Amino acid sequence: MRCPTNTLQVFQSRVDLLPGALPQHFVQICNICATNCTAFDIHLSCGWFASANLINPRQFRRLRFNDCLVNDGKELEAGGCLSFTYAETYPYPLAVSSIKCK
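If you read the sequence shown in UniProt numbering, its first letter stands for residue 1, the second for the next number, and so on.
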């Protein structure tokens, strides 16, 4: 079942500098579904997303240009959040592009 993209909230903020003055950006992706739906197969538009620090690919990875997979495609329960930090000069615009719910 497809569900509205506003089922998820993507929050991003600059948090710190890595040694060498490379900015770090904190990302939190939360399932805010009002009907207690479980989200899965979550994809974000992400451009050419890359990071100078390692991100667990099970949490977040770029599959191809402008297509990043969240949580290895697995479920994110209602009220659940996933977060990671990446390092890059400028923040990437991240937005939900597709999602399935049950």
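Source of the hints: derived by calculation from the structure; they are not laboratory data.
Nothing here was measured: the structure is a model prediction, and the numbers come from that model.
Every residue gets a Cβ at the ideal spot worked out from N, C-alpha and C, and that includes glycine.
Any given hint might turn out to be false.
[As the list claims (entries may be wrong)] SDA-like, lysine to any residue: derived pairs with alpha carbons at most 20 Å apart:
(1) K100 to A52
(2) K102 to N66
(3) K102 to I32
(4) K74 to N53
(5) K102 to N56
(6) K100 to N66
(7) K100 to I32
(8) K102 to R14
(9) K74 to L63
(10) K102 to D72
(11) K74 to P4
(12) K100 to S45
(13) K74 to T5
(14) K100 to S51
(15) K74 to K102
(16) K100 to Q59
(17) K74 to C30
(18) K102 to F11
[Stated by the list, open to error] For each label pair, taking beta carbons as the anchor points, the in silico distance ranges come out as:
(19) A21 to K102: 41 to 51 Å
(20) W48 to A21: 34 to 44 Å
(21) Q12 to F65: 31 to 41 Å
(22) L54 to Q28: 16 to 26 Å
(23) Y90 to P57: 29 to 39 Å
(24) R61 to Y90: 32 to 42 Å
(25) F26 to E77: 13 to 23 Å
(26) G20 to E77: 15 to 25 Å
(27) S98 to L17: 26 to 36 Å
Results for each hint:
Straight-line distance between C-alpha atoms of K100 and A52 comes to about 30 Å, which puts the hinted pair past the 20 Å bound. A C-alpha spacing of about 25 Å is found between K102 and N66, which places the hinted pair above 20 Å, so the restraint is violated. For the hint linking K102 to I32, the alpha-carbon distance of about 14 Å falls within 20 Å, and the restraint holds. Between K74 and N53, the direct Cα distance comes to roughly 23 Å. Violation of the 20 Å bound is thereby established for this hinted pair.
The hinted pair formed by K102 and N56 fails the criterion: a straight-line CA distance of about 25 Å is larger than 20 Å. Proposed proximity of K100 and N66 is supported: the alpha carbons are some 18 Å apart, at most 20 Å. Annotation: proposed proximity of K100 to I32 holds, straight-line Cα distance about 14 Å (limit 20 Å). For the proposed pair K102 and R14, the alpha carbon gap of about 33 Å is over 20 Å, so the pair is violated.
For the suggested pair K74 and L63, the alpha carbons sit about 15 Å apart, so the restraint of at most 20 Å is met. Distance check on the hinted pair: K102 and D72 sit about 17 Å apart at the alpha-carbon level, within 20 Å; holds. Distance restraint check for K74 and P4: the Cα-Cα separation of roughly 18 Å lies within the 20 Å cut-off, and the hinted pair is therefore satisfied. Simply put, K100 and S45 have alpha-carbon atoms about 15 Å apart, close enough for the 20 Å limit, and the pair holds.
For the proposed pair K74 and T5, the alpha carbon gap of about 16 Å is at most 20 Å, so the pair holds. As the CA atoms of K100 and S51 are separated by approximately 27 Å, the hinted pair breaks the 20 Å bound. Restraint check for K74 and K102: the C-alpha separation of about 12 Å stays at or below 20 Å, so the hint holds. The suggested pairing of K100 with Q59 holds, with an alpha-carbon distance near 17 Å, which does not exceed 20 Å.
A C-alpha spacing of about 14 Å is found between K74 and C30, which places the hinted pair at or below 20 Å, so the restraint holds. Taking the CA atoms of K102 and F11, the gap is near 23 Å; set against the 20 Å cutoff, the hint is violated. A C-beta distance of roughly 44 Å is found between A21 and K102, which places it inside the suggested range of 41 to 51 Å. Here the CB-CB span from W48 to A21 is close to 22 Å, at odds with the stated 34 to 44 Å.
Look at Q12 against F65: about 19 Å separates their beta carbons, and that is not inside 31 to 41 Å. The beta-carbon spacing between L54 and Q28, approximately 18 Å, falls within the hinted interval of 16 to 26 Å. Roughly 22 Å separates the CB atoms of Y90 and P57, a value that falls outside the hinted 29 to 39 Å. Checked against the hint of 32 to 42 Å, the pair R61 and Y90 fails, with Cβ atoms roughly 20 Å apart.
Checked against the given bound of 13 to 23 Å, the beta carbons of F26 and E77, roughly 21 Å apart, stay inside it. The hint said 15 to 25 Å for the Cβ distance between G20 and E77, and at roughly 38 Å that hint is violated. At roughly 33 Å, the beta carbons of S98 and L17 sit within the given window of 26 to 36 Å.
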